[in-house]
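Novice: One letter stands for each residue in the lines below.
There are 4 protein chains.
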Amino acid sequence: MAGSTFGNIFRCTTWGESHGKAIGVVVDGCPAGLSLEEEKIQIYMDRRKPGQNRFSTQRKESDSIEILSGVFEGKTTGTPISMIVRNEDQHSKDYKDIASYYRPGHADYTFDEKFGFRDYRGGGRSSGRETIGRVAAGAIALEALKELGVQVTAYTSQIGNVKVDRVKVDRHNIMKSPIYMPDLEASQRAMEAIDFARKECDSLGGMVDCVVTGLPAGVGEPVFDKLDARLAQAVMSIGAVKGVSIGAGFTVCSSKGSDNNDEFTGDDPHENKRGMVNYFFDEDGNLISNIKSTNNAGGILGGISDSDPILLSAAFKPTPSISKQQRTISISGKGMDISIQGRHDPVIAPRAVVVVESMVALTLFDLLLTSMTSRMDAVVDFFR
Amino acid sequence: MAGSTFGNIFRCTTWGESHGKAIGVVVDGCPAGLSLEEEKIQIYMDRRKPGQNRFSTQRKESDSIEILSGVFEGKTTGTPISMIVRNEDQHSKDYKDIASYYRPGHADYTFDEKFGFRDYRGGGRSSGRETIGRVAAGAIALEALKELGVQVTAYTSQIGNVKVDRVKVDRHNIMKSPIYMPDLEASQRAMEAIDFARKECDSLGGMVDCVVTGLPAGVGEPVFDKLDARLAQAVMSIGAVKGVSIGAGFTVCSSKGSDNNDEFTGDDPHENKRGMVNYFFDEDGNLISNIKSTNNAGGILGGISDSDPILLSAAFKPTPSISKQQRTISISGKGMDISIQGRHDPVIAPRAVVVVESMVALTLFDLLLTSMTSRMDAVVDFFR
Amino acid sequence: MAGSTFGNIFRCTTWGESHGKAIGVVVDGCPAGLSLEEEKIQIYMDRRKPGQNRFSTQRKESDSIEILSGVFEGKTTGTPISMIVRNEDQHSKDYKDIASYYRPGHADYTFDEKFGFRDYRGGGRSSGRETIGRVAAGAIALEALKELGVQVTAYTSQIGNVKVDRVKVDRHNIMKSPIYMPDLEASQRAMEAIDFARKECDSLGGMVDCVVTGLPAGVGEPVFDKLDARLAQAVMSIGAVKGVSIGAGFTVCSSKGSDNNDEFTGDDPHENKRGMVNYFFDEDGNLISNIKSTNNAGGILGGISDSDPILLSAAFKPTPSISKQQRTISISGKGMDISIQGRHDPVIAPRAVVVVESMVALTLFDLLLTSMTSRMDAVVDFFR
Amino acid sequence: MAGSTFGNIFRCTTWGESHGKAIGVVVDGCPAGLSLEEEKIQIYMDRRKPGQNRFSTQRKESDSIEILSGVFEGKTTGTPISMIVRNEDQHSKDYKDIASYYRPGHADYTFDEKFGFRDYRGGGRSSGRETIGRVAAGAIALEALKELGVQVTAYTSQIGNVKVDRVKVDRHNIMKSPIYMPDLEASQRAMEAIDFARKECDSLGGMVDCVVTGLPAGVGEPVFDKLDARLAQAVMSIGAVKGVSIGAGFTVCSSKGSDNNDEFTGDDPHENKRGMVNYFFDEDGNLISNIKSTNNAGGILGGISDSDPILLSAAFKPTPSISKQQRTISISGKGMDISIQGRHDPVIAPRAVVVVESMVALTLFDLLLTSMTSRMDAVVDFFR
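Protein chains in written order, with the working numbering: chain A, 1164 to 1547; chain B, 1164 to 1547; chain C, 1164 to 1547; chain D, 1164 to 1547.
Worth double-checking, as some hints may not be accurate.
Identical chains blur together in the list; that is why a pair holds if it fits in one copy or across any two.
Straight-line Cα separation of at most 25 angstroms, PhoX-like style, residue types lysine-lysine; simulated pairs [said to hold, decoys possible]:
id, residue 1, residue 2
1, K1326, K1223
2, K1259, K1223
3, K1419, K1203
4, K1184, K1497
5, K1309, K1259
6, K1223, K1238
7, K1184, K1339
8, K1184, K1238
9, K1331, K1238
10, K1362, K1184
11, K1339, K1223
12, K1339, K1497
Worth flagging that the hints you see were computed from the coordinates, not collected in a lab.
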C-alpha cells in the first residue's frame, strides 16, 4: 500500500512536497449531490495556513484551494474531486544546507535510508504542508457529516505545562483563542509560554482534544476496523503525533472496573443527561453523555459508536526545528553542531487542530457510509 | 471493509465467536518456504490461553491449533494458511441471562444497535477469544521476523497503581512473572493488588509495553501508512485498549524541542551505544539506541523506522465483567441492577501481552515486505 | 494483495488444497439478519461436486459444508462466516509421480517458478477443488441477491463444436440437462461429443453463458471498478477461463455503430418489451430488454448497470489432464512422454456453471452494496 | 471502492472530466530512483491525443503533461507523482442539447440513474479523455518495466471486417500505420473502410492485440489476483471494451485438450525457439514461445506468468456517437430522433492502442512488485 491513500469507500489520496510546484488531494467516493464550492473549503484551509499570527511560521502562503474536477454546477458529481494549492513563498535556498546533514527529530535520515535520497527542500513530503491535502479532503467530509447532524470539534488542550481546565472549556471560545484553547485563561498563559520558548530558541509540545457529537450508534466494524482503531491510525498518521487515546485514555491503566465502567442509563433525556454548563461538560466538569452516566468509553464500545460523544486526545511533540544549537551527524556520518534557521512554528498543536478534525472526519464519514450495509433488512429497504 | 482482515501483503482474516463451534484465522500472503508446524504456533497459543493461573479466567480450553492448509512437508507453500481452534469448555448457560440486558463496558449495546441482534453467548465476536486468530497469525509473523533478525518483546509494565521501574526491567524476567512483569518486585506487588481487587469483586487496568529490536531502517510508508499509524491501528484494535503511544508518548506534550529531539550520533558502536545493564535500558535507565543518543522517537521518524528499537505502550482498561453490583438497563431500556457471574480475568493486560506482540508483528512483517519495493535499484537487482 | 480475497464490502477469502485436510472460505461483510443454514448452501455445493455422472470426475466427495461461525439462530450476525469442507476421497498416491514433471496446461511449472516448490498432490491450490470456497461464498451472495429480486442464471452454451441455438434456450431446461445445456437437442449432441472425446483419451472445451435479471440501474463504479471490469476479473479468475465477454462480446469488432448501439425505448412495458418465448429471448431470438430495443450492451453502459439483463460469456479451455500421450519435461528439464492417469473431468464447462454464477453473484452483491453510497440524498435519508 | 484507483503496490488514481478544468492522475508507490521527465511521458500522451489525423476526433488539444510532485532532480522520490493536463479546446456548447436526452451506447442514462444527475459536457467522466490519466500513469509503468527488460506492445489487429494476417504482422510496422495496424496491406484496407463508414455517418468496431515479452515467470497471484484476472479487469475497464481474451481466447471453446495443451520443451533455445520471421511470430505464423512448443496459454498458467510472451486481445465496440439518425428517449422518457454532431472518432481501437499498453503495464508492474515477496529465501536475502 503506497501509503498516500486513506479510506475505503470515501477515500482521499494526497500528494505534493513542501517546495514542489503544488500540493493537492484527490477525493474519490464522495456521494453525488453534496453542495460544494471552493469558498467552503477555503475556510478550513485558512485555519491551517501559515503566517496567521506570531504563534505560527512566517512563511506567507495564500493556500488558495482550486477544485479541478468532480463538482458541476455547485454539487459533487460522485466522481473524483481533485483539489490543488500552488506553492508560492518557497525559500528553497533556506534549505540547501540541510541537504548535507540530518536534522534531529526530522525524517531526513529515514527518507534517505528508505528511498536512497530525498527532496530536502523544506522537508519535502514529510513537511507539515503535506497536511494541506488532508484538510481539503477533511473539509468535504466535515461538510457531509454536518448534513448528517454530526459535529467534529477539536481544540488545543495543553501546551507545554499549561493545560486547560476541563470545566472551563467552552466550545464558543475556541475561535477566540489565537491558539484554539477554549479555556481563555489557560490560553493566555500558554501564549506566554510559547513566547518564552521562542526567545530561548526552543519549541513546545502540546495536546489536541477532539469531541464528536451527533454520531449515531453502530459506526465502526468489529475487530481490525474498529472505530477507535481507525481513528488511532488516522490521528497517529499526522506528523509529530506520538500518542492517541480514546475516552479516559491512559488513566484506565490505574483504574478499577467499578470506576471505569460507564453505567447505561437508557435514553430518557430527563433521567440521563446532566444539566450542561457548556458544550462538552456538565456542571461538575464531567463529559456529557446520552445513554451512559459517564463516558470513560469515549463513545465507543467494542469498536462501535454508542451514540455518546466520541472523545479523542492526541499528543504532539515539540517542533523539532529549533534554532538552539544541537548535535547531529552529516549525511556522511560525521558529528557536527547545527542551529536550524528558517521559518518554523514554535508549537505544532494549534495549527494541527483543524488537521485532527479533518482526520477524524475522514475516518467517521468513511465508516458511517460503511455502516449502511450492516443489516440485511436495511439493505432490502434501500433497494425497495 | 468488513473489518476482519488486517494487512496488505501479509494479511490475516480472523473469524469465530466465543461460544461458536470454533475460532480461526486465514493467513494469506505468507512467503513460501518458511518452516512452520503446529508445535511452534502452539507455544504462542499457550501464552494466551485461559486457565493458566489464578490471574486469568478459569475457563478450561486446550486451545489446540490445527493447520488445515498452506503448509506442505513442514514448509509454507505461499498459499493461504488456514488455522482453527475448536471451542471446548463452553458454559453457554452462564450467558443466557445476559441476552436480556446490556453489560456496562461491553459491546452488547453497540452490537445490537449495529446489527439488530447479537450472539450474546460469552460476548460472541467481541469476546477476548477473538484474539486466538490474531495470536495464531501473529505467531507466523513472529517466526518470519525472527528469520530476519527482528525480535518483538512485550511485557506488562503497569497493573493498577503498580508500575515497573524501567531501570529494573530485564527481559529475562518476563517469563518468570506469572503476569509477565519483568521487574519481579513490582510483579509481586501487582499480584497482591490483583488478589485484592478480586476479593472486592472488582478488576484492574494495566499497561503493556512492547520493544522491537533488529528492525532495519526504512520500514513504514509516508503519510497514512506510517509505521506508527499502522501500529496504532493494530494495537488499538485489541479489545480494551484505550490508548497507544510511541517512544516518549504523552510526555511529549509538556516537553521542549531541545529535550525531546534525539541527537544523531552516527553508527560507531563505541561512541553511541551506552553500556547495557539489561536488554532494553542502559545503566542510567535510558532506552538503548543505535544511532541516536536517546530514543524519545521510539525508533520512528516521519513514520519510518530508523533502526533503533521501536517502543510502544498500550493502555488496557480494567475487565468490564465484574461481580460487583452495577446499574444498567435491560434491552427494553428499563433500569436494573446486575452482578456479572462467570469466569473472567481480573485483569486483561497480562494475557494481552502476547496479543500485543502478535499485532505488532503482523504490522511489521507486512510493512517490511512492502518496503522491498521502495527503491528502483533494489527492484532491478532483485529481478536480475 | 495476497490473492485469495475477493470483494471490498462483501468479501470472501478462500483457502485449501485439493489433497489437504480441508477446503474452505471466510465471508466477511455479509449484512446481519440474512437467513442462512447449511442446507441452503449445500444445494449449490451439490451442483459443483464431483462424481455426479459420467461427465465429471469419478472422485467421490460428499462436499458437506459446515458453518463454523457468523450464524446464530439461523441468521447471519454480521460477523465473518467461516465455512469448511473436509476432503475425503484423496488418492494422493495417484499424484506422486507428477511431482517429478510438469503437466502441460497445468500450473505445476509456474508454481515451482514462483514459490520454489509446490504441493503437487492433485494440483494443490490450483486444483478445481479450490472453487469449493467460491461456491460456498457465492451461495450466500446468491441468497442475498434473491432477497433483492436479483436472479443469476448460468448455463453451458457450447461444448466443443456443439453450440446451443439461442432461440431454443429455455431456462427451465437447464437442470434437465446433465451438462446444464438448456437447448436439450444440443445437449444430447454435446454429450455424445464428450463420450467420443473420452474414448479418444482427450477432453473438450466449452462456453458458459450467464444472465442476470432484476439488477437495478446504478450498480458499478466508473473507471476501474466498472461492473464489467470487476465481472471480467471475477470470471477470468476461475481456472481454465481464457476469455470473458459482455453483451455482444467479440462480435462488436466487426460491427457498425448504427447496428451495435441499443436504442432507448423508455420503460413502458407495452412499447418496449417484446413478447417472450422463453426466459431470455423473444420470439426472434433476440435478448430481452427493459429499456432498450436490443441489448448488445449486455445491461452495462459506462460500466454501470442499466436495469436490463446482464449478459456474460466465459470461454473454458479443455481439461488439460488427458490420458492421451503428451510431450513435456521433467522438473530437471529433460524431455519425456507422459499420459496422465487419475480421475478427471472430460470437460470443465458444465461443472463450472455454478462457479460462474457464484463469481458473478460475489461481484454483483459487493457492487450493489457499494452503490448504496452513490447519492448524498439517499445517505441522508438512510440516517434520518 | 470508489473506483478511480487501480493497483495495490504501484497504484494510480485518475480524475477529471472531458470539459472540466483539467484531467490528471496520482501515481503512488513508484519505487524511488526511476529516471522520469515530462518529455518521456509526453511521447505516450502524443500517441493518445486527438486530432492526429483524419481517423481521430478533430478536437485540438496539446495534452501537455505537467509533473507536479514526486520527482526531484530528474528522478522519482518514492512519493506520489501527481500529473496534470489542462483541457483547452472545450466546445462545451456542442454538448448543451445532450443534457436533455440519452445518447444510445453512452453512459448518460446510467450516470443519471446512479448519481441523480451528470456533468453532460462531452460525456464528463465517461469521456474517452478519462484515459489521459491512465496513459500518463501507464507511461511510468512502461518505463519501469523497460528497466526490467519487459516490453509491452499493442497494435490494432482488426477494424470492422478487416483483420491483420498474423503472419504478416511486424512490430516495426506499427508506427508506420496511422491506425497502428502492423500488416500494412490490411492497414490500407482498414483506412478505406473507416473513410467509407464516416461518409455513411457511421462508425466501426475493432480489436487491439497486446504482446508482452521479457516478463519473468512467477508473476501473478493464485486465485483472485491471477495475472489474467487482473489483466481482464484492467483492459475491460477501458471504455468501449466488450471482451478480453488471453492466448487462444474464445477458440478454446471448440478445441480439444490434445490440441490446446502447450507441450513444455525446456529452455534450450536451439531445441525450442522456432526461427523468427518477425517479432511475435515464427515462419509458420505461430506465436513464439520460450519454454513451450506453442503458446495457446498466452504465457499464463494457473494465473501465473510462465516467461513466454503474454498474449491478450480486447474487443472494442464502434464509437457510439454517430451522426446517423437514431431513436432514443429524452430524460423525461419521451421517444425522439437524434443525430449526434460534434467531433468524434470514427473508430476507437487505434487511439486505444496506447491505452491498452498502459493498462497492461499498470497491471504487470504492480504484480511484478508483488511477486518480490513470494519466497521467504528471497526475502531473507533481500534484507541480508
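Novice: Would you mind marking each hint as holding or not holding in the structure?
Specialist: Verification of the supplied hints:
no.	hint	result
1	K1326 - K1223	neither (30 angstroms within a copy, 48 angstroms between copies)
2	K1259 - K1223	within (19 angstroms within a copy, 42 angstroms between copies)
3	K1419 - K1203	neither (46 angstroms within a copy, 36 angstroms between copies)
4	K1184 - K1497	neither (33 angstroms within a copy, 50 angstroms between copies)
5	K1309 - K1259	neither (44 angstroms within a copy, 34 angstroms between copies)
6	K1223 - K1238	neither (31 angstroms within a copy, 29 angstroms between copies)
7	K1184 - K1339	neither (34 angstroms within a copy, 38 angstroms between copies)
8	K1184 - K1238	between (28 angstroms within a copy, 16 angstroms between copies)
9	K1331 - K1238	neither (40 angstroms within a copy, 49 angstroms between copies)
10	K1362 - K1184	neither (33 angstroms within a copy, 47 angstroms between copies)
11	K1339 - K1223	within (22 angstroms within a copy, 53 angstroms between copies)
12	K1339 - K1497	neither (48 angstroms within a copy, 43 angstroms between copies)
Hints 1, 3, 4, 5, 6, 7, 9, 10 and 12 from the earlier list are contradicted by this structure; the remaining hints agree with it.
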